[in-house]
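*Asks:* Note that the protein sequences, when read in sequence, are chains P and D. Note that the working numbering numbers the first sequence so that position 246 is 539, with each residue one more than the last. Note that the working numbering numbers the second sequence so that position 111 is 833, with each residue one more than the last.
Note that these hints are calculated values from the structure, not bench results. Check before you lean on any hint, since a few could be wrong.
No more than 27 Å apart at the CA atoms, straight line, and that leaves these computed lysine-lysine pairs for DSSO-like [what the hints assert, rightly or not]:
| no. | chain 1 | residue 1 | chain 2 | residue 2 |
| --- | --- | --- | --- | --- |
| 1 | D | 977 | P | 312 |
| 2 | D | 777 | P | 312 |
| 3 | D | 921 | P | 351 |
| 4 | D | 814 | D | 977 |
| 5 | P | 312 | D | 978 |
| 6 | P | 349 | D | 777 |
| 7 | P | 520 | D | 777 |
| 8 | P | 351 | D | 777 |
Pulled a few chain P residues facing chain D out of the computed Cβ check, cut under 7 Å [said to hold, decoys possible]:
| no. | residue |
| --- | --- |
| 9 | 317 |
| 10 | 321 |
| 11 | 323 |
| 12 | 335 |
| 13 | 470 |
| 14 | 474 |
| 15 | 476 |
For each residue, glycine too, the CB sits at the ideal point set by N, CA and C.
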Amino acid sequence: MNKYLSIFKISFQEEFAYKINFIMWRVRNVFQIIVTFFLWDTIFAVPGLVVFGYDKSKILTYVFALMIVRAIVLSARAVDVSSDVAEGNLSNYLVKPISYFKYWMTRDIGSKVLNLSFAAVEFIALFIILRPPFYFQTDIYTIFSFLIALVLAVLIYFSLLFIISAVPFWAPELGWGSQFLVIIVLLEFLSGSLFPIDILPIAWQRFVMATPFPYMIYFPVQVYLGKITGIAMVQGFLISFFWTGGLYITMRYVWAKGLKVYQAFGR
Amino acid sequence: MLRFKYYSKIWWQLSRNSFSIVLGQRVALLFFLVAKVFRFVLFTGFLFFLISGTKNLAGYNTNQVIFFFLVFNVIDVLSQFFFREVYRFRPKIVSGDFDLTLVKPANALFISLLGGADLIDFITIPPLLIATIYFGGLLHPSLTSTFYFVLLLINGFLIAMAFHIAVLALAIITFEIDHMIMIYRDLTSFGRFPVDIYKQPLQGFLTYLIPVGIMITFPAKAFMGLIGTSGVVISLLIGILSLLISFKFWNFALKKYSSASS
Numbered sequence: 294m295n296k297y298l299s300i301f302k303i304s305f306q307e308e309f310a311y312k313i314n315f316i317m318w319r320v321r322n323v324f325q326i327i328v329t330f331f332l333w334d335t336i337f338a339v340p341g342l343v344v345f346g347y348d349k350s351k352i353l354t355y356v357f358a359l360m361i362v363r364a365i366v367l368s369a370r371a372v373d374v375s376s377d378v379a380e381g382n383l384s385n386y387l388v389k390p391i392s393y394f395k396y397w398m399t400r401d402i403g404s405k406v407l408n409l410s411f412a413a414v415e416f417i418a419l420f421i422i423l424r425p426p427f428y429f430q431t432d433i434y435t436i437f438s439f440l441i442a443l444v445l446a447v448l449i450y451f452s453l454l455f456i457i458s459a460v461p462f463w464a465p466e467l468g469w470g471s472q473f474l475v476i477i478v479l480l481e482f483l484s485g486s487l488f489p490i491d492i493l494p495i496a497w498q499r500f501v502m503a504t505p506f507p508y509m510i511y512f513p514v515q516v517y518l519g520k521i522t523g524i525a526m527v528q529g530f531l532i533s534f535f536w537t538g539g540l541y542i543t544m545r546y547v548w549a550k551g552l553k554v555y556q557a558f559g560r
Numbered sequence: 723m724l725r726f727k728y729y730s731k732i733w734w735q736l737s738r739n740s741f742s743i744v745l746g747q748r749v750a751l752l753f754f755l756v757a758k759v760f761r762f763v764l765f766t767g768f769l770f771f772l773i774s775g776t777k778n779l780a781g782y783n784t785n786q787v788i789f790f791f792l793v794f795n796v797i798d799v800l801s802q803f804f805f806r807e808v809y810r811f812r813p814k815i816v817s818g819d820f821d822l823t824l825v826k827p828a829n830a831l832f833i834s835l836l837g838g839a840d841l842i843d844f845i846t847i848p849p850l851l852i853a854t855i856y857f858g859g860l861l862h863p864s865l866t867s868t869f870y871f872v873l874l875l876i877n878g879f880l881i882a883m884a885f886h887i888a889v890l891a892l893a894i895i896t897f898e899i900d901h902m903i904m905i906y907r908d909l910t911s912f913g914r915f916p917v918d919i920y921k922q923p924l925q926g927f928l929t930y931l932i933p934v935g936i937m938i939t940f941p942a943k944a945f946m947g948l949i950g951t952s953g954v955v956i957s958l959l960i961g962i963l964s965l966l967i968s969f970k971f972w973n974f975a976l977k978k979y980s981s982a983s984s
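Bound-form chain P, shown alone (with noise of 0.2 Å):
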């Protein structure tokens, strides 16, 4: 245990290390939900208006939940382990006496907790300054419901991201095209990121409810809102529980057989 304690302060520091990296990084994502705002403000400029469902209060709730849910989900170191395999710097990591995926996760951990409590005081200056209309939740049943779905999600990103990580055993030059590929597109448009799931057709959201994606961030941004609720929130949980469990599963499955074909290409 203190092993890992060590690192997460180890972690902590080196974000702190490359300040201007870190700095640029949260103003991309303050870039990322001031689009998002004035876009969904703008489509509700007309006072009362009521679009999928949504009237301005709701949409702009979503949105600065959004930052919060995302500086926790999204925020992860482990997204360098893809390189880590395709330059056989994993090597490194095997002949230590550390698990590498706790390794990680603690890394992670590290980076949710500073990316966090960035993300509040960015909440706070977008707040004073854009004042939108924002609905505070009070019920601590939901409240609770909303913490769970939070650290499902951040397991379900995790797994994710070892198993596109993995790529690299078999093909090495394939890292950052898959990453992007699943990690940057499909995570942006299918994650709620950019708009909530609800607002396409019916046949779409089935589609779209059924992968891992919206779990990450709808689903939790969802149960805050107190917009899923009863039968449809536990139903939620199900398949959030079933991507949990069945994504682990695969990770570890396809990081057993990649360890068995492992080269250190570059070593």
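Given chain P, work out where chain D should sit, using these hints.
*Replies:* Just chain D now, kept in the frame of chain P:
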């Protein structure tokens, strides 16, 4: 004329080399291509669906909003095709390998900016242009509007070039580029929608100071007949000024190059 021929030959040679590298990794090429097409199709689909529900965005109809997005893509993809080498500049500065560029009998800025055309973006240019022409045709522009559009599109490309030169210069001074270029990409992504959707002072900031509006929104607006001659002239002046400032900045940064690690 001789200089132009000389640099055209260099560009062609460097581009061929760059294309050969990408063609050597065909599956990776396919992954990136699929991802880029996915992103484009999904975003266009989102816009279609959004405007069908809201009827308009800041007063623009579906075809107009799609046209703004296409113009953003034309400038974005052309910039990435021509200026991809900028993304590979940092290691040269950090390792001191930029020395090898400086001793070559060609302009260092030319090689650093245009020395690695991107095949993946090149493949996406023809379908993108066809889509732009198709959706542009649906807006029934006048001959003058089309002329202004082409002029401002070139101007937008020059502003994009100025941005990339500034990023290169900053890389020399600060050793940082990866996030800087992504911040540029994020800033230009404000132009995926007409800048009219942003409130003041952000709208003014994006139009004249950055100037994403002049770079992306103005060409599309000129095509719709929403920008007059004075607007075109001011845009061109800002474009030229951006380019001149970026050249000055590059020359300033070049004097700061320390050849570290070499």
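*Asks:* Next step is simple, just say for each hint if it's right about the structure.
*Replies:* Hint by hint, here is what the structure shows:
no. : hint          : in the structure
1   : D/977 / P/312 : 26 Å, holds
2   : D/777 / P/312 : 44 Å, violated
3   : D/921 / P/351 : 20 Å, holds
4   : D/814 / D/977 : 16 Å, holds
5   : P/312 / D/978 : 22 Å, holds
6   : P/349 / D/777 : 16 Å, holds
7   : P/520 / D/777 : 25 Å, holds
8   : P/351 / D/777 : 20 Å, holds
9   : 317           : 3 Å, holds
10  : 321           : 5 Å, holds
11  : 323           : 9 Å, violated
12  : 335           : 4 Å, holds
13  : 470           : 3 Å, holds
14  : 474           : 4 Å, holds
15  : 476           : 10 Å, violated
In the structure shown, a violation is registered for the earlier hints numbered 2, 11 and 15, in ascending order.
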